[in-house]
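Enquirer: Sequence:
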Amino acid sequence: MDAPAPRPGDPDPGLLRRAVLAVSVLDDVDLEPREGGVHLPGRRPVLVRWTELADVVAGADVASEAARRRISVLLRLRRFVGELGSRAPAVLEQSARALALPEGHLDDLGPGWVRETVLGGDVRLGVGVVGVLGDDEEVVPLHRSVTVAAGTDTRQWWRRLRGHAEAMGALAAHRLARDEGAGRHSVLRPVGGCDVPTLLASSALRGYLAAGDGSGMRALAVPMRSRGWYDLARIDPAFVAAAWSATPEVERGYPRPLLVTADEVRMALPRGDPVAQSLADPVTDGPALRDVRYHTP
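Residue numbering for the sequence shown follows this note's numbering, beginning at 11 and increasing consecutively.
Derived by calculation from the structure, the hints in this document are not laboratory data. Heads up, some of the hints might be wrong.
[As the list claims (entries may be wrong)] Label-pair ranges, simulated between beta-carbon atoms: (1) GLU75 <-> GLY173: 39 to 49 Å; (2) SER255 <-> ALA177: 30 to 40 Å; (3) GLU261 <-> GLY226: 23 to 33 Å; (4) GLY144 <-> GLN166: 23 to 33 Å; (5) LEU57 <-> ASP22: 16 to 26 Å; (6) ARG59 <-> ARG125: 35 to 45 Å; (7) ARG53 <-> ALA221: 51 to 61 Å; (8) GLU259 <-> LEU279: 34 to 44 Å; (9) LEU25 <-> GLU113: 39 to 49 Å; (10) ARG44 <-> PRO247: 50 to 60 Å; (11) ALA221 <-> SER96: 24 to 34 Å; (12) SER96 <-> ALA278: 14 to 24 Å.
Beta carbons: idealized from backbone N, C-alpha and C, even for Gly.
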């Protein structure tokens with residue numbers, strides 16, 4: 011098994027090969043490293059070149075969990091596209107969604123993947139695909155090499171994907187208004203293949219949240235991609251950081267609250283220590299406890 015020939019700036023070939031072998035063992039991906047790339051056996055075998063793998067881990071420590079995750083997603087998507095053959099462009103386009111990932115997220119493919127950024131800089135949108143890797147609800151970013159292998163171009167899809175995200179945000183806002191009108195406290199959840207960070211790309215949802223208390227700004231907790239809490243007066247200040255830390259890396263959202271206006275989404279600055287603040291709260295010895303804040307998942 012020969013080592014891949016590196017280009018200037020590429021990760022160490024030995025470490026890259028080790029990451030590929032880790033994907034084979036830990037993610038149960040059937041593969042064979044070769045001199046020209048990674049061979050994926052099957053009804054329609056696929057060869058993923060070492061340069062593609064080096065590109066997908068760019069900016070990450072090649073020995074990190076992020077690099078292994080990105081390699082795993084790339085290899086499985088390339089196998090998926092290879093098995094589809096001539097049907098790949100249509101299936102990918104049907105499965106495509108706008109996807110927002112926090113900067114530095116495990117799945118973040120870097121600035122080259124980002125197509126649009128909401129004012130404030132913390133909602134960065136690119137193209138993903140939903141339900142193609144075994145989980146009907148999982149959305150993964152689509153690396154350019156996958157669409158090149160499929161013979162298609164995501165630039166043709168972007169207006170439709172952006173419109174879908176806008177419509178799903180409007181639907182999420184309608185559901186929040188309906189629940190609040192019925193006296194129920196609501197939580198933001200994914201809609202139509204768009205997770206909560208992606209829904210925040212919708213001007214309709216941002217406008218609804220920002221207008222909620224009359225100030226033109228709303229604080230929002232999104233420690234995981236699948237949930238968003240916007241009534242932070244009822245949530246302990248330490249909740250966001252604690253929930254973010256307890257969430258599996260690939261499912262994480264933002265480690266601090268987001269400040270949402272009709273036009274902008276910005277993560278709060280890292281000031282103070284909410285955990286220490288909560289722990290410093292004195293315990294009462296009285297017969298009745300004072301009001302406390304509760305969180306219901």
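Enquirer: Are the hints correct? Go through all of them and say.
Expert: Now the hints, each set against the structure:
no.	hint	in the structure
1	GLU75 <-> GLY173: 39 to 49 Å	violated, 34 Å
2	SER255 <-> ALA177: 30 to 40 Å	holds, 33 Å
3	GLU261 <-> GLY226: 23 to 33 Å	holds, 31 Å
4	GLY144 <-> GLN166: 23 to 33 Å	holds, 27 Å
5	LEU57 <-> ASP22: 16 to 26 Å	holds, 21 Å
6	ARG59 <-> ARG125: 35 to 45 Å	violated, 25 Å
7	ARG53 <-> ALA221: 51 to 61 Å	holds, 54 Å
8	GLU259 <-> LEU279: 34 to 44 Å	violated, 23 Å
9	LEU25 <-> GLU113: 39 to 49 Å	violated, 24 Å
10	ARG44 <-> PRO247: 50 to 60 Å	holds, 53 Å
11	ALA221 <-> SER96: 24 to 34 Å	violated, 48 Å
12	SER96 <-> ALA278: 14 to 24 Å	violated, 49 Å
Of the numbered hints listed earlier, those contradicted by the structure are 1, 6, 8, 9, 11, 12.
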